[in-house]
Structure formats: structure tokens, C-alpha cells
Amino acid sequence: RKEVEQDPGPFNVPEGATVAFNCTYSNSASQSFFWYRQDCRKEPKLLMSVYSSGNEDGRFTAQLNRASQYISLLIRDSKLSDSATYLCVVRSSSASKIIFGSGTRLSIRP
Amino acid sequence: EPEVTQTPSHQVTQMGQEVILRCVPISNHLYFYWYRQILGQKVEFLVSFYNNEISEKSEIFDDQFSVERPDGSNFTLKIRSTKLEDSAMYFCASSDHLRNNQPQHFGDGTRLSIL
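As you go down the protein sequences, you meet chains E and V in turn. Counting in this note's numbering, the first sequence runs from 1 upward without gaps. Counting in this note's numbering, the second sequence runs from 111 upward without gaps.
Do not take every clue at face value.
[Unchecked claim] Calculated lysine to aspartate or glutamate pairs in the DMTMM-like style (CA-CA distance at most 20 Å, straight line):
#1 E:K45 / V:E154
#2 E:K42 / V:D218
#3 E:K97 / V:E154
#4 E:K45 / V:E178
#5 E:K45 / V:E111
#6 E:K42 / V:E154
#7 E:K2 / V:E178
#8 E:K42 / V:E169
#9 E:K45 / V:D206
#10 E:K97 / E:E3
#11 E:K97 / V:D206
#12 E:K42 / V:E166
#13 E:K97 / V:E178
#14 E:K97 / V:E166
#15 E:K97 / V:E169
#16 V:K193 / V:E166
Bear in mind the hints are in silico, worked out from the structure with no lab data behind them.
My request is simple: use the sequences and hints to build the entire structure.
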């Protein structure tokens, strides 16, 4: 089983739509969770950290379900500029490294 | 906003040569990392560095690789005797500590092409 698993997509949705991604992780000792976005041939950029109680940042909402070991990202009112690959990222308590999922590609069409 | 900077942005090297990739982490950060991303694949952890020593490394980070913090600002990745399969984007990252969900901040990468 992969350490961090994501649906690769692509998700192709119209502007203004709501889209949601899920991510599962295998290590129950994982402590820190993040969503990054990566544009083509660019560096990963932090979108948001994911907190146990769930958190929201503008149009973006992240949820964590420790019992089922999954993380979700919801994007409301999607914009053309949201087109990117969304990377689910996990860190265990004993490690300094972070583990990346393979990413979910999102394409927003006008 | 402070950022991680990497040089060069693109490095072309003959197979078998040595290459040094340079990074300047965010100034008050204490943890430094190197990752690589082969074209079309996911970002992979190579090594983490804290307090002037390697704190963790992956199976990829074998004797061909080394890291160094030669002064107070630079963090370098050296790849000896480069192979074709070393061609990838190499990202440097830094974070201020490991607690409280602190994220890692990435530089914009060095594209390494081995010929």
C-alpha cells in the first residue's frame, strides 16, 4: 500500500463549480498534514495545513479523519487560476521528512 | 515574504561529472531538506539536515550524494559521478521547527539534465 494515495484525476470542472479531493495515508502515526499545489514544472507551494478540527481558508476547506486515515480538500466557486496539481502531504511524528502523494490534477474550464 | 532561493535554475552536466546544487534557506529556519522530482513523477524525499548533520535520509540518498552547510546561509547538495537517471528537478526546502504542523517552504528548484 502506498504511503500517501490520491486519485490522479484529471478532474475537469467548469468555473464556479465545487470540487473535492480525497487522500488516504497508511501510517497511523502521521501527525502533520498539508495540501500543496504544484503548477506545471514549478515548485510545490503550500496551500494550507490541515488541522484535526478541520479548517477553512477562503474558498478552500480541509478536513482530517484520523479514524479512516484520510484527508480531504474542498474548493468552492472554482476559478481558472485553481487549475493545478494538488498534492496531499503527510509527516509522521518521528520523522522530519514529508511524504508526497502523486497529486490530483485539476483543470477548470471557462 | 521570505523565500528559499536555489541556484542555478538549470544545470546541464555530462554523465560522470560532479554537480553542486545550491540553496539559501529562509534565514530563521533550522531544518533543511532536499527533494527531487523526476519528470512526470511525484516529489521524493532525499535528505533532511538539522544542527549541521543529516537527521534523516531516504534509500535514494546513497554514497553518490552528500549535503553540506558550508557557511551560515548556504545549503548544498553534491552529486558525484552523475548518471542519466539523476536527471530531475531538485527542490530545496526549509522549516523553522517540526512542531505544531509547521510546513516546509520550497525553493523554485534546479532542473538537472544529465547528458
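Hints versus structure:
{"no.": "1", "hint": "E:K45 / V:E154", "in the structure": "15 Å, holds"}
{"no.": "2", "hint": "E:K42 / V:D218", "in the structure": "6 Å, holds"}
{"no.": "3", "hint": "E:K97 / V:E154", "in the structure": "10 Å, holds"}
{"no.": "4", "hint": "E:K45 / V:E178", "in the structure": "25 Å, violated"}
{"no.": "5", "hint": "E:K45 / V:E111", "in the structure": "13 Å, holds"}
{"no.": "6", "hint": "E:K42 / V:E154", "in the structure": "15 Å, holds"}
{"no.": "7", "hint": "E:K2 / V:E178", "in the structure": "31 Å, violated"}
{"no.": "8", "hint": "E:K42 / V:E169", "in the structure": "25 Å, violated"}
{"no.": "9", "hint": "E:K45 / V:D206", "in the structure": "16 Å, holds"}
{"no.": "10", "hint": "E:K97 / E:E3", "in the structure": "13 Å, holds"}
{"no.": "11", "hint": "E:K97 / V:D206", "in the structure": "13 Å, holds"}
{"no.": "12", "hint": "E:K42 / V:E166", "in the structure": "25 Å, violated"}
{"no.": "13", "hint": "E:K97 / V:E178", "in the structure": "18 Å, holds"}
{"no.": "14", "hint": "E:K97 / V:E166", "in the structure": "7 Å, holds"}
{"no.": "15", "hint": "E:K97 / V:E169", "in the structure": "13 Å, holds"}
{"no.": "16", "hint": "V:K193 / V:E166", "in the structure": "23 Å, violated"}
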